[in-house]
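First residue of the sequence shown? That's 1 in this note's numbering, and the numbers climb one at a time after it.
Hints in this document: simulated from the structure, not taken from any laboratory.
Be careful, since some hints might not be right.
Think about it this way: if two alpha-carbon atoms lie no more than 30 Å apart in a straight line, the pair counts; the simulated DSSO-like pairs of lysine-lysine are [to be verified]:
no.	residue 1	residue 2
1	Lys7	Lys74
2	Lys42	Lys7
3	Lys21	Lys7
4	Lys7	Lys45
DEER-style ranges, computed between Cβ atoms [to be verified]:
no.	residue 1	residue 2	range
5	Leu50	Glu24	25 to 33 Å
6	Glu35	Ile11	29 to 37 Å
7	Ala14	Glu48	45 to 53 Å
8	Ala46	Ile67	40 to 48 Å
9	Gln36	Arg13	34 to 42 Å
10	His28	Tyr52	19 to 27 Å
11	Glu15	Ala46	28 to 36 Å
12	Leu55	Glu25	19 to 27 Å
13	Phe70	Glu48	30 to 38 Å
14	Ala14	Arg73	17 to 25 Å
15	Asn60	Gln22	13 to 21 Å
16	Glu65	Lys41	26 to 34 Å
17	Thr39	Lys16	30 to 38 Å
By construction, the Cβ of each residue, glycine as well, lies at the ideal position given by its N, Cα and C atoms.
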Amino acid sequence: MSDQRIKTIRIDRAEKNRMRKQLEEIIHRYQAITEQIETYKKETKAQEYLDYWILLQSRNRDNIEDIGRFAARKCNR
């Protein structure tokens, strides 16, 4: 088995900063969506619809966490 090394790609600081800022903007938008879903959940009576809001909210939270982890790993200061 050959020893394969992972090639490190160097990304300049300006691009990392730009990407981090863009990801933070996306996170804020997802957070706004979370708030909107919460409002809709409070207005929903049918359990099937409520279950769907809960599913969407869970996926949204997962997206926020995923983006945050990526930003921490790849756009570090």
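Hints and how they fare:
A hinted pair counts as satisfied when its Cα atoms are at most 30 Å apart, and lysine 7 with lysine 74 qualifies at roughly 15 Å. Using a Cα cut-off of 30 Å, the hinted pair lysine 42 and lysine 7 is violated, with the two alpha carbons roughly 49 Å apart. Distance restraint check for lysine 21 and lysine 7: the Cα-Cα separation of roughly 26 Å lies within the 30 Å cut-off, and the hinted pair is therefore satisfied. Note on lysine 7 and lysine 45: the hinted pairing is violated, with a Cα-Cα distance of about 53 Å set against a maximum of 30 Å.
A hinted range of 25 to 33 Å for the beta carbons of leucine 50 and glutamate 24 is consistent with their spacing of about 31 Å. Roughly 33 Å separates the CB atoms of glutamate 35 and isoleucine 11, a value that falls within the hinted 29 to 37 Å. Take alanine 14 and glutamate 48: their Cβ atoms lie about 49 Å apart, and the range 45 to 53 Å holds. Checking the proposed 40 to 48 Å range against alanine 46 and isoleucine 67 shows it is violated: the Cβ atoms sit about 31 Å from each other.
Checked against the given bound of 34 to 42 Å, the beta carbons of glutamine 36 and arginine 13, roughly 35 Å apart, stay inside it. Roughly 24 Å separates the CB atoms of histidine 28 and tyrosine 52, a value that falls within the hinted 19 to 27 Å. Here the CB-CB span from glutamate 15 to alanine 46 is close to 47 Å, at odds with the stated 28 to 36 Å. Between leucine 55 and glutamate 25 the beta carbons are some 25 Å apart, a value that agrees with the proposed interval 19 to 27 Å.
For phenylalanine 70 and glutamate 48, the hinted distance range of 30 to 38 Å is satisfied, since their beta carbons lie about 33 Å from each other. Range check, alanine 14 to arginine 73: Cβ separation about 18 Å, and the 17 to 25 Å hint holds. For asparagine 60 and glutamine 22, the Cβ-Cβ distance of about 18 Å falls inside the hinted range of 13 to 21 Å, so the restraint holds. Taken as a hint, the range 26 to 34 Å is violated for the pair glutamate 65 and lysine 41, whose Cβ atoms sit roughly 20 Å apart.
Range check, threonine 39 to lysine 16: about 35 Å between beta-carbon atoms, so the 30 to 38 Å window is met.
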